[in-house]
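Going line by line, the protein sequences match chains A and B. The first sequence runs 332 to 647 under my numbering. The second sequence runs 1125 to 1855 under my numbering.
No lab work stands behind these hints: they were computed from the structure. Any given hint could be a false lead.
Label pairs and their computed distance ranges (CB to CB) [said to hold, decoys possible]:
{"hint": "1", "chain 1": "B", "residue 1": "A1788", "chain 2": "A", "residue 2": "E372", "range": "28 to 38 Å"}
{"hint": "2", "chain 1": "B", "residue 1": "D1849", "chain 2": "A", "residue 2": "E345", "range": "41 to 51 Å"}
{"hint": "3", "chain 1": "A", "residue 1": "A351", "chain 2": "B", "residue 2": "H1166", "range": "55 to 65 Å"}
{"hint": "4", "chain 1": "B", "residue 1": "N1544", "chain 2": "A", "residue 2": "D644", "range": "55 to 65 Å"}
{"hint": "5", "chain 1": "A", "residue 1": "P600", "chain 2": "B", "residue 2": "D1849", "range": "25 to 35 Å"}
{"hint": "6", "chain 1": "B", "residue 1": "A1788", "chain 2": "A", "residue 2": "A643", "range": "41 to 51 Å"}
DSSO-like cross-link-like pairs, simulated, lysine-lysine; straight-line CA separation at most 30 Å [as the list claims (entries may be wrong)]:
{"hint": "7", "chain 1": "B", "residue 1": "K1439", "chain 2": "B", "residue 2": "K1572"}
{"hint": "8", "chain 1": "A", "residue 1": "K437", "chain 2": "B", "residue 2": "K1154"}
{"hint": "9", "chain 1": "B", "residue 1": "K1701", "chain 2": "B", "residue 2": "K1769"}
{"hint": "10", "chain 1": "B", "residue 1": "K1701", "chain 2": "B", "residue 2": "K1439"}
{"hint": "11", "chain 1": "B", "residue 1": "K1286", "chain 2": "B", "residue 2": "K1620"}
{"hint": "12", "chain 1": "A", "residue 1": "K357", "chain 2": "A", "residue 2": "K370"}
{"hint": "13", "chain 1": "B", "residue 1": "K1144", "chain 2": "B", "residue 2": "K1846"}
{"hint": "14", "chain 1": "A", "residue 1": "K628", "chain 2": "B", "residue 2": "K1846"}
{"hint": "15", "chain 1": "B", "residue 1": "K1439", "chain 2": "A", "residue 2": "K628"}
{"hint": "16", "chain 1": "B", "residue 1": "K1542", "chain 2": "B", "residue 2": "K1521"}
{"hint": "17", "chain 1": "B", "residue 1": "K1300", "chain 2": "B", "residue 2": "K1286"}
{"hint": "18", "chain 1": "A", "residue 1": "K628", "chain 2": "B", "residue 2": "K1769"}
{"hint": "19", "chain 1": "B", "residue 1": "K1846", "chain 2": "B", "residue 2": "K1572"}
{"hint": "20", "chain 1": "B", "residue 1": "K1542", "chain 2": "B", "residue 2": "K1300"}
{"hint": "21", "chain 1": "B", "residue 1": "K1286", "chain 2": "B", "residue 2": "K1542"}
{"hint": "22", "chain 1": "A", "residue 1": "K370", "chain 2": "B", "residue 2": "K1542"}
{"hint": "23", "chain 1": "A", "residue 1": "K370", "chain 2": "B", "residue 2": "K1846"}
{"hint": "24", "chain 1": "B", "residue 1": "K1496", "chain 2": "B", "residue 2": "K1809"}
{"hint": "25", "chain 1": "B", "residue 1": "K1496", "chain 2": "B", "residue 2": "K1144"}
{"hint": "26", "chain 1": "B", "residue 1": "K1154", "chain 2": "B", "residue 2": "K1144"}
{"hint": "27", "chain 1": "A", "residue 1": "K370", "chain 2": "B", "residue 2": "K1385"}
From the three backbone atoms N, C-alpha and C, an ideal C-beta is built for every residue, glycine too.
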Amino acid sequence: MRSFTYERARTPAEAASAVATMRGAKFLAGGTNLLDLMKLEIEAPSHLVDVQDLDFGEIADTDDGGIRIGAMVSNTMLSAHPRVRRDYAVLTRAIQAGASGQLRNKATTAGNLLQRTRCSYFYDTNMPCNKRRPGDGCSAIGGSSRQLGVIGISDSCIATYPGDMAVAMRVLDAVVETVTPDGSTRSIPIADFHRLWGDTPQEETVLERGELITAVTLPRPRGGKHFYHKVRDRRSYAFALVSVAAVIQDDQTGQVAFGGVAPKPWRVPEAEELLPQGAAAVVSRAFAEARPTDQNKFKIPLAERTLAGIIADARS
Amino acid sequence: MEFNAPAGQNLFDRAKIVGKSTPRIDGPLKVTGTAPYAAERHGVAANQAYGWIVGSAIAKGRIRSMDLDAARRAPGVIAIVAATEHEPVGTSDYNYAPLFGGNEVSHYHQAIAVVVAETFEQARSAAGLIGTEYDRVDGSFDLASSKDGAPLASEGGSDFAKLGKFEEAFAAAPVKVDETYTTPDESHAMMEPFATIAAWDGPDLTLWTSNQMIHWGKQAMASILGMPEENVRVDSPFIGGGFGGKLFVRADAVMAALGAKAANRPVKIAMQRPLMFNNGTHRHATIQRLRIGAERDGRITAIAHQNWSGNITQKEGENGTLQTPKLYAGANRLIENRIAQLDLPEGNAMRAPGEAAGHLALEVAMDELAEKLAMDPVELRILNDASGTVPGDPDTKISDRHLVRCLREGAERFGWSKRNAVPGQQRDGRWLTGMGVAAGYRAGPTTKSAARVRMSADGHVTVETDMTDIGTGSYTIIAQTAAETMGLPLESVTVKLGDSSFPVSSGSGGQWGAASSTAGVYAACVNLRRMIGEKLNFDADAANFADGRATLDNQSWRIADAGELTADGEMNYGDFKDGYDVGTYAGHFAEVRVDAYTGETHVTRMLAVCDAGRILNPLSARSQVIGGMVMAAGATLMEDLHVDKRFGFFVNHDLAGYEVPVHADIPHQECIFLDTLDPVISPMKAKGVGELGICGPGAAVANAIYNAIGVRVREYPVTLDKYLDRLPPAA
Ligand SMILES: Cc1cc2nc3c(=O)[nH]c(=O)nc-3n(C[C@H](O)[C@H](O)[C@H](O)COP(=O)(O)OP(=O)(O)OC[C@H]3O[C@@H](n4cnc5c(N)ncnc54)[C@H](O)[C@@H]3O)c2cc1C
Ligand code: SF4
C-alpha cells in the first residue's frame, strides 16, 4: 500500500471538487473494495476523500411513487427496507445473495455499483493486465477464464462486472443521480452507467473525474413476481458464475437481466420481449453475439437453464 | 518403555477419563481470543520489527537485478535481505524447493527478499518499491503432457507391486471397469497463515512459530542456516490449522531469521494470504487409471491402480494408490506410482497425502463396477472385504478391522435401503436426489514419542512434550491420559506443548499424533508412578492409582506425599509391528440434491461410521472426522488450484478465488465410532482419526451426484460445467 492523504468531506460539492482538483484522488465510502485493492497496490490513490459524513443515508419515497436510495445507504439497510422488500423484492434478494453479513453492513449503494472486477490476473500485479496498466496485454485471454465474461467483452479485456445489486437495479430501470465538480447534477439510467470495455478497459463507468454519486432512484414498482437466482460453486460468499434477475408478470412478460457474464448487468430489450416464448428464445437472442472461451462457454446454457427455472417457478 | 507385543488388559480398559467426551481444555482460551498464535506473541521478545516477504514474479529463471535503493530509503525500513545479495540458504530433509534460493528462481512466489521495517505498513509499502528484473525460462507446468515416460516414484514398495497375473485375469474377467480419473492441485487453505517471530541471542535462534513438527523444524532450521541444532529453539503452542502445510518450516521462519540477523532485532512475519498458495506447498494433482475385473457374482479377480503426479524435484508425489492394496480382496494385482517433473511450486503432504486423492478414484471405480454388476455398492464392498492378511501384501497381517460393520451400520442408519439403484430417477420438486457410499481406509501409524511429567509438592502434575495441538485436541487427550494413569482428576493436570526444549514427541501428522503422543505420556507417567512407589515403598506396577492415592493390598498412599518428582519417558515400538498392517476404516455415506435446472449440487446429509480402536475423546475425535468430511466434500465440489500453464503458477491464489466449503454447504453431518480396540497399535489400543475423515466421503458425494443425475464426472472437482450439457433438458 502506498501512502496517501485523507480528508472527510462535509458537503457533496466539497467532495466532488476535492477529487476533481487533486491528481490521484478518490472517494472512499465503506472501503470494502477500495481498501483491499490499495493493500495489493492495484489501486494507489494519493488522496482519499471520505464521503461517509455526507447526508446520503436515507431511503425516501419519490413523488412518482418510486424510491430514492441515498448513495451511502448500506446494503444491509437497503435490502431490509420494508418498501424494498415489498415492492422491489428482486433487489433485496440480489443484495442478500452477495458478500457476507459483515460486508453488507459496511458496503454502500454507490460503492457497490463501482466495485471492480474479480479477474484473478487483475488481482496479481505481476501479471499483464490492460485494466491495471493500459497497453500491458490481457493475461486472462488464453489463461484461466472460467469465471470471466462471455459477452460485451473485447480483445483487451474479458472481465466481468461482478456485482449482484446492480443486476437487480437493471431490471428495475434504476437511475443513478450524481453531482459533478461544477455543481451540476446528472441522472444516468443504469443501462448507460457501466461501459463495455472496448479498447479502454480501465474506464469502467461513464462517471467523470470528481463526479459523485448522490443517490439511486427506482421508478414506480411494476408488480409481478420477483426472482434473483445466483449460481455459484458454493452456497454463499462467492461471486456468480451466472445470475439472473427477473420480474415476471402473470401474462409471462417481464424484465430479465444477467449477471456474471459481461462488463455490466446484461439486459437486451429485444430478447426480453421473447419471455413468453420461454428461456431458450430469450437467451439465444440475448447472447447471440457471445464470444465465450472454452472454459466459460457453459455460462450460456447455464443462463438459459437458470432462466427456465425462474419461468417455471413464475408459472407455478 | 518398549511396546514389543500386542497389549493385554491394562488400566485403559477400566478407564474413567480416557474415552469420555471431554471439552477441550484450551477451549476457553480459544473462544476468548487469548490463545496466543505465533504472530500475536507480542510479549516473547521486546522491540519486534515487521518483515514482509517479496515473492518471485516468475516461475522459473534467474533474477537479473534487484533495485533496492528506493526501498532502503523508504520510511521506517531497517534492513532488506535480498536474493541478489545473499547466498542461497541450505536445504533440509523436509523440503525440496529451496526456501530462499539466491538468483535462481525455481517456482512462482518463491521468497526473493524480506523487507524489515518499524511497522507492518512500512515494510509492505517499501516492498512495493523494489524493482526486480528477471530472465524467464520455460518450464514444465502441465501434468497431462508430462506424464508419458515418467519414472516410478521409487522401485518396489508402495510405488510398484505386482501379485498374480493381472493382465490375464483382467482380460478374462466377465465384468470390468477401466476408467481414468483426475484430481486437481489443492491448497491447505488453513486459517492461520505461516507466521514466525525470530530472535537471535548471540548464536542462539528462537522461533516462535506455527509448526506441526517441532523437532523436524529444529533440525531443518539448523541445516538450512548451517548452524548447530542445539542453538535453535522452536516454540509453537497454538496452531491455527496446518493440514500438512506446516509439517515443515517454511519461508516465514527462514526469512524472519535472516531478517532478524540483518536488523539485529526480533522480526515478525505473517505471510500475506496471496503468497500462501504458491510460496507454500500444495496437494499435487493426480491422474489415476483404475482397472477392476470381477466375476459375475461380484468377486474381484483383478485390480490395477496406476497413478501419476508431478513435483518440482520429481520426488514425493501424491500416491493415490496407497489404499488400494488394503481395501479389497483379489488375487491378481498391479500397483504403479509414477512421478513427472514439473516446475510448479512444491507439492507435499496435505491431509491424508495419497489416500485422500486415491479414494476419489478407487471408490468411484467401485461404484461403477457395482452398477455394471447390477449389485448394491455396499454389498459389493462387503463381498470383497479383506480379512486375515492384506490383499496386496499377503505376508502382512491385518491388526484389527471392522469395515463390514462400518458399512452395515452406516447403511442402516443412513436409510440406504431407500436409495434408488437406477440413477437419475429420484425427483423432489425441482431437485434430483441421490445417495452415495464409499469405504475409507487410512493407515494408523505410530512413532516413538517422549514426554516429561513433573509432580509438584501438592500433587499437581505438569506434562511437557514437544507435541503440537493443531486444533485437534492434543492438549485434552494428553491431559486425559496423564490424569487416568496417575489417578488424578483432569483439573490436577497441566499440559505444556510445542516447545523444542521439551522431550521430542511424534508431532502432528499422518494421523499418528494422538496414538503416539499419548503413549509417550503414558510411558512417562508409568515412570513417575514407579518413582512414587520407590519413595513411598510400594510396588507401583501392581498398585491401583485413583483419587490422588495409590492402593495395593488394603494399603493406601497419598501420592503427593512422595514430594516433588520429575520423570521422563518414551514409548518405542518393537519390530513385531512390521508384520502387521494397522489401519483405520470407515463407511461413508452422502446424500445430495442437484437442481435439475441449474445443476447446482447441495450436499444434504453426510454420515461416517468409523473404526479406529479406542476413541480417546469422542468429542474432539468427532471434530476431526467431520472436519475431514468437510474437506472431502470441498475436494469433490469445488477445491481447485487453477494452473496457468503459460506462466506456471496457481492463478486463484487467495480465499476469494480458491473456494472451500462454507457452512451453508454442509448442513448435516453425523459421525459414529465403533467400540473397537486395536491391541497392536499401542497400550492405549487407540488409533488416530484426523485423516480417516477425508478418506472416502468425497467419493461418496461424487457417487451420490451420479445417483442423482445419471452422469458420471471423472474429472474433479465435480462442478456443474462438467455435466450441465448432459442433464435432462430444462423445460
Ligand atoms: C470478500 C468479499 C465478497 C464479496 N462478495 C460480493 C458478492 O457476492 N456480490 C457483490 O455484489 N459484491 C460482493 N462484494 C463486493 C462488495 O459488495 C463491495 O465491496 C461493496 O459493495 C463496495 O462498497 P463500499 O461502500 O465499501 O465501496 P468502497 O470500497 O468504499 O468504494 C468502491 C469504489 O466506489 C467509489 N465510490 C464510493 N462511493 C462513491 C460515491 N458516492 N460516488 C462516486 N464514487 C464512489 C470509490 O472511490 C471506489 O472506487 C464482496 C466483497 C468482498 C470483500
Ligand atoms: S480480463 Fe481484464 S482484468 Fe483480467 S487480465 Fe485481462 S485485462 Fe485484466
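Evaluated hints:
1. Range check, A1788(B) to E372(A): about 33 Å between beta-carbon atoms, so the 28 to 38 Å window is met.
2. Against the hinted window of 41 to 51 Å, the Cβ-Cβ separation of D1849(B) and E345(A) comes to about 56 Å, which falls outside the hint.
3. Checked against the hint of 55 to 65 Å, the pair A351(A) and H1166(B) fails, with Cβ atoms roughly 44 Å apart.
4. For the pair N1544(B) and D644(A), the beta carbons lie near 25 Å from each other, so the given range of 55 to 65 Å is not met.
5. At about 29 Å, the CB distance of P600(A) to D1849(B) agrees with the hint of 25 to 35 Å.
6. Evaluation of the 41 to 51 Å hint for A1788(B) and A643(A) yields a failure: the beta carbon distance comes to about 24 Å.
7. Restraint check for K1439(B) and K1572(B): satisfied, since their Cα atoms lie roughly 26 Å apart, inside the 30 Å limit.
8. With a CA separation close to 27 Å, the supplied pair K437(A) and K1154(B) stays within the 30 Å bound.
9. For the hint pairing K1701(B) with K1769(B), the CA-to-CA distance comes to about 45 Å; that exceeds 30 Å, so the pair is violated.
10. For the proposed pair K1701(B) and K1439(B), the alpha carbon gap of about 27 Å is at most 30 Å, so the pair holds.
11. With a CA separation close to 47 Å, the supplied pair K1286(B) and K1620(B) exceeds the 30 Å bound.
12. Between K357(A) and K370(A) the alpha-carbon distance is near 15 Å, which keeps this suggested pair within the 30 Å criterion.
13. In summary, the hint linking K1144(B) to K1846(B) is not supported, as the alpha carbons are separated by about 45 Å, beyond the 30 Å threshold.
14. A threshold of 30 Å between alpha carbons decides the hint, and for K628(A) with K1846(B) the separation of about 11 Å falls inside it, so the pair holds.
15. Only pairs whose Cα atoms come within 30 Å are accepted, and K1439(B) paired with K628(A) is rejected, the gap being roughly 37 Å.
16. Proposed proximity of K1542(B) and K1521(B) is contradicted: the alpha carbons are some 37 Å apart, above 30 Å.
17. Note on K1300(B) and K1286(B): the hinted pairing holds, with a Cα-Cα distance of about 19 Å set against a maximum of 30 Å.
18. Between the alpha carbons of K628(A) and K1769(B) the distance comes to roughly 20 Å, so the proposed pair stays at or under 30 Å and holds.
19. Taking the CA atoms of K1846(B) and K1572(B), the gap is about 46 Å. The hint is violated against a cut of 30 Å.
20. Taking the CA atoms of K1542(B) and K1300(B), the gap is about 27 Å. The hint holds against a cut of 30 Å.
21. Taken as a hint, the K1286(B) and K1542(B) pair is broken in the structure, with Cα atoms around 40 Å apart against an allowance of 30 Å.
22. A distance of roughly 53 Å separates the Cα atoms of K370(A) and K1542(B); the hinted pair therefore is violated under the 30 Å criterion.
23. A distance of roughly 36 Å separates the Cα atoms of K370(A) and K1846(B); the hinted pair therefore is violated under the 30 Å criterion.
24. At most 30 Å may separate the alpha-carbon atoms for a hinted pair to count; K1496(B) and K1809(B) exceed this at roughly 40 Å.
25. About 44 Å separates the Cα atoms of K1496(B) and K1144(B), which puts this hinted pair outside 30 Å; it is violated.
26. Under the criterion of a C-alpha separation no larger than 30 Å, the hint pairing K1154(B) with K1144(B) is consistent with the structure, at around 21 Å.
27. Note on K370(A) and K1385(B): the hinted pairing holds, with a Cα-Cα distance of about 27 Å set against a maximum of 30 Å.
In terms of the numbered hints stated before, the structure departs from hints 2, 3, 4, 6, 9, 11, 13, 15, 16, 19, 21, 22, 23, 24 and 25, listed from lowest to highest.
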